[in-house]
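Just so you know, the protein sequences line up as chains A and B, in that order. First residue of the first sequence? That's 1 in the working numbering, and the numbers climb one at a time after it. First residue of the second sequence? That's 1 in the working numbering, and the numbers climb one at a time after it.
Please note that a few of the clues may not be correct.
Claimed, not checked - Between beta-carbon pairs, the in silico distance windows are:
(1) B:Asp303 <-> A:Lys350: 50 to 56 Å
(2) A:Glu213 <-> B:Ala391: 50 to 56 Å
(3) B:Thr313 <-> A:Lys446: 19 to 25 Å
(4) A:Thr313 <-> B:Thr217: 34 to 40 Å
(5) B:Glu205 <-> A:Leu251: 27 to 33 Å
(6) A:Leu401 <-> B:Ser178: 51 to 57 Å
(7) B:Ser178 <-> A:Ser198: 43 to 49 Å
(8) B:Gly138 <-> A:Glu197: 23 to 29 Å
(9) B:Glu347 <-> A:Gly49: 40 to 46 Å
(10) A:Ser198 <-> B:Thr313: 18 to 24 Å
Unchecked claim - A few chain A residues that don't get close to chain B, going by computed Cβ distances all over 12 Å:
(11) Lys81
(12) Val123
(13) Thr246
Honestly, the hints are just simulated from the structure, not real lab data. As the structure is a prediction and not an experimental result, all values here were calculated from the model. Backbone N, C-alpha and C define an ideal beta-carbon position, used for all residues, glycine too.
There are 2 protein chains.
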Amino acid sequence: MITENKSDLELVRDFHRVWHPCTQHKDFETTPPILVERAEGIYLYDRQGNRYMDVIASWWVNLFGHNHPRLNEALTRQLEKMAHVMFAGITHQPAIDLADSLVALSPPELEKVFFSDNGSTAVEVALKMSLQYWQEKGKTQKEQFAYLKGGYHGETLGALSVCGLEIFRNKFEKVLASHLPVEGPDCFRCPYGLQRESCNAECFEPMEKALSENSDTIAGVIVEPLVQGAAGMMMYPPVYLKKLQTACESLAIHMIFDEIAVAFGRTGSMFVCGAHDLRPTFLCLSKGITSGYLPLSATLTTDEIYSAFYGETRKLFIHSHSYSANPLACAVANETLKLLTENNFLESLKPKIAALKEYGKQFDSMEGEFRQTGMIAALELTKKKKERFAAEKRVGYQIFLEGLKRGLFLRPLGDVVYFIPPLVITEDEIGVMLNTAHDCIDAILK
Amino acid sequence: MITENKSDLELVRDFHRVWHPCTQHKDFETTPPILVERAEGIYLYDRQGNRYMDVIASWWVNLFGHNHPRLNEALTRQLEKMAHVMFAGITHQPAIDLADSLVALSPPELEKVFFSDNGSTAVEVALKMSLQYWQEKGKTQKEQFAYLKGGYHGETLGALSVCGLEIFRNKFEKVLASHLPVEGPDCFRCPYGLQRESCNAECFEPMEKALSENSDTIAGVIVEPLVQGAAGMMMYPPVYLKKLQTACESLAIHMIFDEIAVAFGRTGSMFVCGAHDLRPTFLCLSKGITSGYLPLSATLTTDEIYSAFYGETRKLFIHSHSYSANPLACAVANETLKLLTENNFLESLKPKIAALKEYGKQFDSMEGEFRQTGMIAALELTKKKKERFAAEKRVGYQIFLEGLKRGLFLRPLGDVVYFIPPLVITEDEIGVMLNTAHDCIDAILK
């Protein structure tokens, strides 16, 4: 791997020193990571000037493209005042403005905003608030969470304890709190033989049963609304969430919406809950909140929850991170919300969403399913009769490597090739993205 | 609370929208948070121009003062290239440089660096790596961690499960994995009647027993070296850590050093482990790593650990955060390390450390203990015979309020008034800080 090339020498340093997330480093022996030097709009550039389209928006975070002049300016403007200050006993304008905007943009029941650093912590905060709420209310037996078997909510051990996916859990099962996994929607392989466009979420049955049979012990239920991301962009209809809301309201169970991956225009609306008239008790936000600039997250909740912690000193909610409500991140988030709400930005996504659908039709001839929710599209590749490829074949990984050769940074989840580009991608670029992906897949499957 | 004053109107918005960490919001009815508008050096300024000394370095994070030209420049220079890019399948220069520097500055056994966002996640990563290591090695019964009853390691539920302090745990006990709490050092109230300056860590006895009796099931032991911060800046001598190392090495137990609060010059050296010739298996870093600018953390470990995850695909370490190794944060961290290592900076702390000691003598006449480890000083206030004040008296909180009147932002832990100023504080400012704190305490206790 070592050559005279400066870039390669840096890759050797990387190999010797850096432990990358979710990476089998042995793969780097043959294909080292791309050394990205700069980024602009929807493109990443390596040191040699090779260009890669950021097809998955750098782990689903980037909305307005890299190196955006207004986001850069918002950051530097705040930097001139202060980078950071602690957030207990102190407040600051960027956080106040951001909390106010998030409350204004979300369903009316959500009134309070708690800031933390990433999606996992946003979920941990919701879980802890829910648990403590029931304790303060004397319902101390409510200490369990229901979650979907396809659900993903982060990888700190609390968040992981409500994650349904075996691959994330299996090495750590012994230290995970025991909660209640429930069979969730699986529209591609619907056991009821129905279609997500026309069904009545008949698959809500196991959740209905789990909640009604355990309502005394269940504090809350957590879901990724509409799209179960890490499970392979499994998409399901809003009627499932309507039924969930009805059940939660009648059984006094908190409804926790993890919109970390789907909020801020990603499905075509600001928030899934708002677009579908849903009223979660907790709304967890992160990723796109800073348009892919800086780590920041928020957990929104109701005054009913907040008021249970208000009063005596011993009732307070004890959870902190040193950089909670980091002013730089809040400033970028405020500018992100401006970009999302001005000039009918969300409206401007409609032709792009249509383009994703249109160019997606070329996958109809492949085995599997092309599915789409707003600006998220995914192609689940299978053998005949929806049969999965053998894991050892690493079909998704081969497609990833092929994508690199053709200027796409894809990162399939197993054999699900997915597309979560920055929202500023153009219709033409959507065409290039899907056409090139098609070529990559063809090259590997043939 | 509402007046015509713009600042007050913003505080009303804060009160209605923001849920602050570790805060009983009812206190804001009488004393709202300070609305900090800008910060410079060791001072915070509110909208009216009132100045507060940042005595606790914004939750122990700030090393080089606010609004530091070189840190600002490092951030904007990186911003021109890219704010962020995902860190799986991709790498970038700021992360490579930072990993390389951290490895160079830490004990030679630590060779690999895993980045995450905050102290809690740095600890969660160490716990998860340790657990999985033993699984990959076939020692699947090693699934427990020993921790100190005075230990604090963060508040996500995994980190909280190895936190010994009841106040952080008690509402969440039912969802915490069961690990092994061990009586740790308590030098102020030493049960052996010894002095920390001259003892031989006789108090290691319970840990020795716990580890030797449970070595088959213990994966690792986690400690805050030298200073147990959240417990009230409880300080103990390095000989305890030497004994811990001997025990861990002979019993095949991982030693996890949580240096989140004590690294980067805080105790006078770069890392506690390096200064005392200790060889932890995992070193958790955060807080000062960006000198108080941006959330970032790192978990360092050995090649022995790393190699257990190298090879087959199924062995990889599955843990990720979207903003892992954020380039902006890494760039600021690289500049922070430059500032720490050039011009004999650590050497320059010596007269400051001496000044803290000298000015601290004025507390000798008070009941309690003034203690110090490097640039950390703390005054534990008690009644006669080391008896604690009643919690309802909120002595520490009264001192906090008095501090605000006199231009100090203190935030006592219970009745422990502590001082963790930015490292760039001058000797004169140390005098002002401790003299003013003395006046505040006098005003409250008389």
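Hints, verified against the model:
1. B:Asp303 <-> A:Lys350: 50 to 56 Å: 52 Å, holds
2. A:Glu213 <-> B:Ala391: 50 to 56 Å: 41 Å, violated
3. B:Thr313 <-> A:Lys446: 19 to 25 Å: 24 Å Cβ-Cβ, so the 19 to 25 Å window holds.
4. A:Thr313 <-> B:Thr217: 34 to 40 Å: Distance hint for Thr313 of chain A, Thr217 of chain B holds at roughly 38 Å.
5. B:Glu205 <-> A:Leu251: 27 to 33 Å: Violated: the Cβ-Cβ distance is about 51 Å, outside 27 to 33 Å.
6. A:Leu401 <-> B:Ser178: 51 to 57 Å: 44 Å, violated
7. B:Ser178 <-> A:Ser198: 43 to 49 Å: The hinted range 43 to 49 Å holds for Ser178 of chain B and Ser198 of chain A, with Cβ atoms some 48 Å apart.
8. B:Gly138 <-> A:Glu197: 23 to 29 Å: 49 Å, violated
9. B:Glu347 <-> A:Gly49: 40 to 46 Å: Holds - the Cβ-Cβ distance for Glu347 of chain B and Gly49 of chain A, about 44 Å, lies within 40 to 46 Å.
10. A:Ser198 <-> B:Thr313: 18 to 24 Å: Given range 18 to 24 Å: violated, Cβ gap about 39 Å.
11. Lys81: Violated, because the least Cβ-Cβ distance between Lys81 of chain A and chain B comes to about 4 Å, which does not exceed 12 Å.
12. Val123: Check fails; 9 Å does not lie beyond 12 Å.
13. Thr246: 27 Å, holds
Consistency with the previously given hints fails for numbers 2, 5, 6, 8, 10, 11 and 12, ordered from lowest to highest.
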